[in-house]
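Asks: Model the full assembly from the supplied sequences, consistent with the hints where possible.
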Amino acid sequence: MIERVYDVFARKHRGDQLAHIGYVDALDDEMARVYAWKTYDEENWFEMCVIRRSNIIPVNRQDGPFSGSKGEGK
Amino acid sequence: MVLSNEDELKQKIQDGYIVESREEMTEGYRKALIVQLTVQADTELMSAPAYWMAARHAPSTNTQVSAHAIIQDELAHANIAYRLLEDIGESKEQLVYGRQPHEFKHPYGFDQPLDNWADLVVANGFFDRAGITLLSDVYQNTSYGPLKRALVKVDMEETFHLRHGEVWMRRLAKAGGEAKEIVQCSVDWMFPMTIEWFGLPDDLKRHSGQLDYKLKGLSNDELRQVWMSSTVPLCEELGLNVPAHFDSETEEYVLDYPFPCEYDVADKRWVFEDGETTWDAVFKRWKGRGPMNEIYVESIQRSRRDVGGWLAEKRQA
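Heads up: the sequence lines are chains E and V, in that order.
Taking the numbering used here, the leading residue of the first sequence gets 1, the next gets one more, and so forth.
Taking the numbering used here, the leading residue of the second sequence gets 1, the next gets one more, and so forth.
Simulated from the structure, these hints should not be mistaken for laboratory data.
Owing to the predicted nature of the structure, the values given are computational and were not obtained by experimental measurement.
Take the hints with a grain of salt, since some may be wrong.
Unchecked claim - Here are some chain V residues pointing at chain E (derived, C-beta under 10 Å):
| no. | residue |
| --- | --- |
| 1 | Gln72 |
| 2 | Leu75 |
| 3 | Arg83 |
| 4 | Glu86 |
| 5 | Lys153 |
| 6 | Met156 |
| 7 | Phe160 |
| 8 | Arg163 |
| 9 | Val307 |
| 10 | Ala312 |
Every residue, glycine too, gets a C-beta built ideally from N, C-alpha and C.
Replies: In structure tokens form, the structure reads like this:
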């Protein structure tokens, strides 16, 4: 089963910064939405979104989890 | 920036440097972090089947919901720790689905059956308290940025598990009679089980590098004291006997039984009367794994191949 990595962003209240809060592995975008909502249920989020890690384009660093296409499924 | 020198990295870390990526790690740092995260991930993962099989003893639909909410949290925490491992080069697929039951690194306590509602709530009260004790120390001291951020959620939810455990321990203990007797039985096997969880005493501990790399802040004995400083007063307040007391002269909690000690799996009982055993014997018992090890691991792994196979067939069609 080839799962992709999705990074989860959320903010608690209006006016808050959108912050990276975690990650899920999912077979597709729809499952990623469900997993993110169910997994990161520690707050009553005002807004949450997920993005495929492989779609994050690093700007100034060549290291770390967002570099290259490491997030693509195995 | 690539650091090749272990001592250079250790010095920077002691001066407050936060590591953010695999590329910034030395091999020694990466290995030490892998060990720590594997224990953390496996512990969260194995708590799920242990709690899941115990949840059928829930006395009401509401308590069923609470018990399953805790299981959901534990699985999410495991997912977080395995993802952190992937980001430093390990395979979650291999770790979760590719290992034999005895290869998991969780503590011996999560190889044991939780046989009734009292066992489950004391596990929440004792084991989750141990989890908070260990992870709060990591949160406050870790030099690894991604782990520190991930622990915010984990800590919040573990606090809920602990409250669930302590509220129910209180309810059963205050009721007296059979309710109190059964919670006392759970305390009797789980108190020494959790004490042992914190590992070798400091005077026997091999140097692991976890303190040099600031992957944790407190030693095993210090963490054991922190756990007892919450657990012993709680049990005393509830009139539950625990084999430990506070020594006002040394201002430390002291165990009132031979430590380490042998455990009789069949009777779910610590064999205090045989006196102190060796840590070699304890490691041998841990390595041999406990009675539920294969059942718990099997419950997690069993459908992976089947369902994966169905999906592969569909892709080929």
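Asks: Decide, hint by hint, whether the structure agrees.
Replies: Outcome of the hint check:
1. Gln72: This hint holds: V/Gln72 lies near chain E, its Cβ roughly 7 Å from the closest one there, short of 10 Å.
2. Leu75: OK, holds: V/Leu75 within 10 Å of chain E, min 8 Å.
3. Arg83: Holds: closest Cβ of chain E sits about 5 Å from V/Arg83, inside 10 Å.
4. Glu86: At about 8 Å, which falls below the 10 Å cut-off, the nearest Cβ of chain E leaves the hint on V/Glu86 intact, so it holds.
5. Lys153: 5 Å, holds
6. Met156: 5 Å, holds
7. Phe160: Since the shortest Cβ distance to chain E is 9 Å, the answer is holds.
8. Arg163: 14 Å, violated
9. Val307: 7 Å, holds
10. Ala312: 8 Å, holds
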